[in-house]
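> Single-letter residue listing:
Protein chains: 2
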Amino acid sequence: MAVYTHVDDKTLSVFLAGYNLGQATSFKGIAEGVENSNYFLETEKARLVLTLYEKRANPDDLPYFLDLMEHLAKAGVPSPLPVRDQSGKALQTLCGKPACIISFLNGVSVDDADESHCAAVGSMLAQMHHATSDFTAARHNDLSIEGWRTLADKTVAHADTVQDGLAEIIASEMDFLEQNWPKSLPKGTIHADLFPDNILFTNHTITGVIDFYFGCTDFLAYDLAVCINAWCFDQQMHFVPGRAKRLIEMYDVARTMSGAEVAALPILCRGAAMRFLLTRLYDWLNPVEGAVVRPKNPLDYLARLKFHQKVKDTAAYVV
Amino acid sequence: MAVYTHVDDKTLSVFLAGYNLGQATSFKGIAEGVENSNYFLETEKARLVLTLYEKRANPDDLPYFLDLMEHLAKAGVPSPLPVRDQSGKALQTLCGKPACIISFLNGVSVDDADESHCAAVGSMLAQMHHATSDFTAARHNDLSIEGWRTLADKTVAHADTVQDGLAEIIASEMDFLEQNWPKSLPKGTIHADLFPDNILFTNHTITGVIDFYFGCTDFLAYDLAVCINAWCFDQQMHFVPGRAKRLIEMYDVARTMSGAEVAALPILCRGAAMRFLLTRLYDWLNPVEGAVVRPKNPLDYLARLKFHQKVKDTAAYVV
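Chains A and B, in that order, are what the protein sequence lines are. If you count by the working numbering, then the first sequence holds residues 1 to 319, one letter each, in order. If you count by the working numbering, then the second sequence holds residues 1 to 319, one letter each, in order.
Some hints could be false.
Taking lysine to any residue and the SDA-like style, the derived pairs with C-alpha atoms no more than 25 Å apart in a straight line are [stated by the list, open to error]:
1) B/Lys183 with B/Ala138
2) A/Lys45 with B/Lys10
3) B/Lys10 with A/Asn203
4) B/Lys45 with A/Asp111
5) A/Lys312 with A/Ile145
The calculated label-pair distances, taken between Cβ atoms and stated as ranges, are [unchecked claim]:
6) B/Thr136 with A/Asn106: 38 to 44 Å
7) A/Asn106 with B/Gln235: 17 to 23 Å
8) B/Asn203 with A/Pro186: 50 to 56 Å
9) A/Lys74 with B/Gly96: 42 to 48 Å
10) B/Tyr4 with A/Gln86: 36 to 42 Å
11) B/Asn203 with A/Gln163: 56 to 62 Å
12) B/Gly96 with A/Pro182: 43 to 49 Å
13) A/Asp160 with B/Gln236: 40 to 46 Å
14) B/Gly96 with A/Ser258: 35 to 41 Å
Don't read these hints as lab results, they were simulated from the structure. Note that the coordinates shown come from a computational prediction; the quantities given were computed from them, not determined experimentally. From the three backbone atoms N, C-alpha and C, an ideal C-beta is built for every residue, glycine too.
Produce the entire structure from the sequences given, and follow the hints as far as they go.
Dropping the structure here:
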């Protein structure tokens, strides 16, 4: 949540002159998004979000993300549509930063999802996986298993300062994951970060899917495993079977999983829990000076990991 | 700029049920305002801002501020209108904090004002002073001359760490101000903080005056002196005569100043420069741990103070 780069009114006005959007009628920094500066921008013609990509974003990846959003929006997924300027360009430079205007999406994110929200997320995830079946661009998932090993190595020395024994838990789990991680499940374009704050609901209908900046090419079922971690535990870190059942069922109704995918779900869930445990642990141990955002507690994902470690087979997720 | 208090969707939904606003269709933290948490809130019926008043706000003052905003909005000033719930209450409690829903105002604040912006500000300031002539509530200005003395005492020990000799400049200026500060100018309700970020323009028309949380009872001409400091210096801290001329002229057209007010303008400008020098100096020397906002440079107001000290009479402001 932050606005790292201030865009003054004259700069904005010159920038907007390159579009067919009319003049700005409202312009306010949005306290959302950890990585970038976001502004709510309303013009005479449209409601929009202006994003300036800050240091953590790799500029080389931005065309992929914008193409992905455009592809999804055109396929009917309620994702932000990058707006092209009069010359047809969506990706710009503003205040020395890569920048883009995207459409504004209505809806409110939920903090404590119920089964009906989870059902909607399952359907939407499958819809996205279908919609990207003809999306030809690819991006390596830097935060898949090799990336976790890198993070495990970087955090091992201080992991026990967060919780006694954490370094050993991570080490043995990484060994397990590396020995057992699936090799040949169906791959495609995944969101990879479909947490409640990235879904906007109007009543119980999804009217927005946002933040595609972890989008990449990986196992489709891993995206579902991320959602199980993100949506199916309550605020005390307890697994809520009803939510997972609806999430998985509605995903499977819209995109029938293969037997191998179903069987792999427990290890994919362990991997997804490890991914968020490690990135949170790294951020916790390496706080950014002057950062606006307090690092999230990595132990929330240790609790999830421990749950998944005890799961014998996928049936445990759909009881 | 910040959201200090997170309002979850269920809490928001229960809160909104007390109003006639319908359900939320959008809800996003706004990265604006140093003191409070602000959310952009759109419902089925209206566009609004939800404010939660954080520690620095004195709860006893809030009814005054809301009454002032309501009074101004009803008098045709484009200020936020506090929205009353079904029982007629505007001031609420939400997440344990005082809270209020106010109307959302269109417009964009300007970073580098031109003469036409300053003319509009002068007219609007006079309009506000007229509009509050029948506003009977009063609030002492804690940041008038006695308040500056308190801040001067609190900052004297470390002022020279910011700039060599600053403590002595402040001490002698405070003596001058205390000996010469006017005693009997026309008083009324003033905004007291009418900086560019508190005015929203659509083209060159003012469509929003916001942030009344320094509103108080004081010399009306002091409000104009604040505006001269806030609007009539460029980003290199140079006085821009054309801006001041238009600001003062348009104020005077709409509310004719007395001879005493005109004559007092230079010392009122010195006082206003001192007020922002001291509050910025205090914040600079006492940074809030974990604060989201970087303190503003107090020396910007030392430059203004030095300009005003050299002014012989009000004619210098309207050349």
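> Would you mind marking each hint as holding or not holding in the structure?
Structure-based check of each hint:
For the proposed pair B/Lys183 and B/Ala138, the alpha carbon gap of about 18 Å is at most 25 Å, so the pair holds. Proposed proximity of A/Lys45 and B/Lys10 is contradicted: the alpha carbons are some 32 Å apart, above 25 Å. Distance restraint check for B/Lys10 and A/Asn203: the Cα-Cα separation of roughly 12 Å lies within the 25 Å cut-off, and the hinted pair is therefore satisfied. The straight-line distance between the Cα atoms of B/Lys45 and A/Asp111 is roughly 23 Å, inside the 25 Å bound, and the hint therefore holds.
For the proposed pair A/Lys312 and A/Ile145, the alpha carbon gap of about 21 Å is at most 25 Å, so the pair holds. Range check, B/Thr136 to A/Asn106: about 42 Å between beta-carbon atoms, so the 38 to 44 Å window is met. The hinted range of 17 to 23 Å is not satisfied by A/Asn106 and B/Gln235, whose Cβ atoms lie roughly 37 Å apart. Here the CB-CB span from B/Asn203 to A/Pro186 is close to 54 Å, well matched to the stated 50 to 56 Å.
At about 45 Å, the CB distance of A/Lys74 to B/Gly96 agrees with the hint of 42 to 48 Å. Checked against the hint of 36 to 42 Å, the pair B/Tyr4 and A/Gln86 passes, with Cβ atoms roughly 41 Å apart. Separation of B/Asn203 from A/Gln163 is about 57 Å and conforms to the stated range, judged on CB atoms against 56 to 62 Å. Taking the beta carbon of each, B/Gly96 and A/Pro182 are about 47 Å apart, inside 43 to 49 Å as hinted.
A C-beta distance of roughly 53 Å is found between A/Asp160 and B/Gln236, which places it outside the suggested range of 40 to 46 Å. Remark: the range hint 35 to 41 Å for B/Gly96 to A/Ser258 is contradicted by a beta-carbon distance near 50 Å.
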